[in-house]
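Model the placement of chain R on the given structure of chain V, informed by the hints.
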Amino acid sequence: NAGVTQTPKFQVLKTGQSMTLQCAQDMNHEYMSWYRQDPGMGLRLIHYSVGAGITDQGEVPNGYNVSRSTTEDFPLRLLSAAPSQTSVYFCASSSDRGGVAFFGQGTRLTVV
Amino acid sequence: GENVEQHPSTLSVQEGDSAVIKCTYSDSASNYFPWYKQELGKRPQLIIDIRSNVGEKKDQRIAVTLNKTAKHFSLHITETQPEDSAVYFCASMEYGNKLVFGAGTILRVKS
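So the protein sequences, as listed, match chains V and R. As numbered in my numbering, residues 1 to 112 make up the first sequence, in order. As numbered in my numbering, residues 113 to 223 make up the second sequence, in order.
One chain only, chain V, in its complex shape (with noise of 0.2 Å):
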């Protein structure tokens, strides 16, 4: 049992550039979302799923995109890479309502 894969662990992009982090989950959960860490500031909230076809933004949506097409897959796309998405980010799932939430083990991005 896996739990919550993300990928790719490190990424440099250049500005202007487009990439799309990977996350998927094999327990079958409903609650999908994607967090970004930046020191000092918590985990916030970028886009969040709470089943396949149905996706709402967070509190920083801007400049992402995500789908959720699978149960399994939730992926989260960069438009046009800008310094300030400098971060970590977080996927995490969760089942049923109130339910606990799993972390990815994160993606170190990196934009120059």
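Rather than coming from a laboratory, the hints here were simulated on the basis of the structure. C-beta atoms are modelled at their ideal positions from N, C-alpha and C, and glycine is treated no differently. It is possible that some hints are incorrect.
Quick partial rundown of chain V residues pointing at chain R, CB under 10 Å, derived from the structure [as the list claims (entries may be wrong)]:
#: 1; residue: Thr7
#: 2; residue: Asp26
#: 3; residue: Asn28
#: 4; residue: Met32
#: 5; residue: Gly40
#: 6; residue: Gly42
#: 7; residue: Tyr48
#: 8; residue: Glu59
#: 9; residue: Val60
#: 10; residue: Tyr64
#: 11; residue: Ala92
#: 12; residue: Asp96
#: 13; residue: Val100
#: 14; residue: Ala101
#: 15; residue: Phe103
Capping the alpha-carbon separation at 20 Å, the derived lysine to aspartate or glutamate pairs in EDC-like fashion look like this [claimed, not checked]:
#: 16; chain 1: V; residue 1: Lys9; chain 2: R; residue 2: Glu151
#: 17; chain 1: R; residue 1: Lys183; chain 2: R; residue 2: Asp129
#: 18; chain 1: R; residue 1: Lys149; chain 2: V; residue 2: Asp38
#: 19; chain 1: R; residue 1: Lys154; chain 2: V; residue 2: Glu30
This is chain R only, laid out in the frame that chain V set:
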């Protein structure tokens, strides 16, 4: 939306002493409050959680208390050990299982 405030931002204690971290939240509809521990370079890991129908929960050296009327909850660690040194985050869960996190507390346990 929900807002979670966490204090203190850093906390240094002597090994064996107790540590207390406090959080307040704004949305009275929130009903699930987890605490996460994050070691350097690692993912957040759940250490304890509490739901709104419970006032206190204990797990060995760790306890969490919840005051729904005042909208605050606290993490208590007794008999602290060096391996307790980490960043601790409180969170409140909104609709859609969205977690709103506090800014974190850096706990240092000095031996």
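>> Going through the numbered hints above, which ones does this structure break? Give me the numbers in ascending order.
In response: 1, 2, 3, 9, 10, 17, 19
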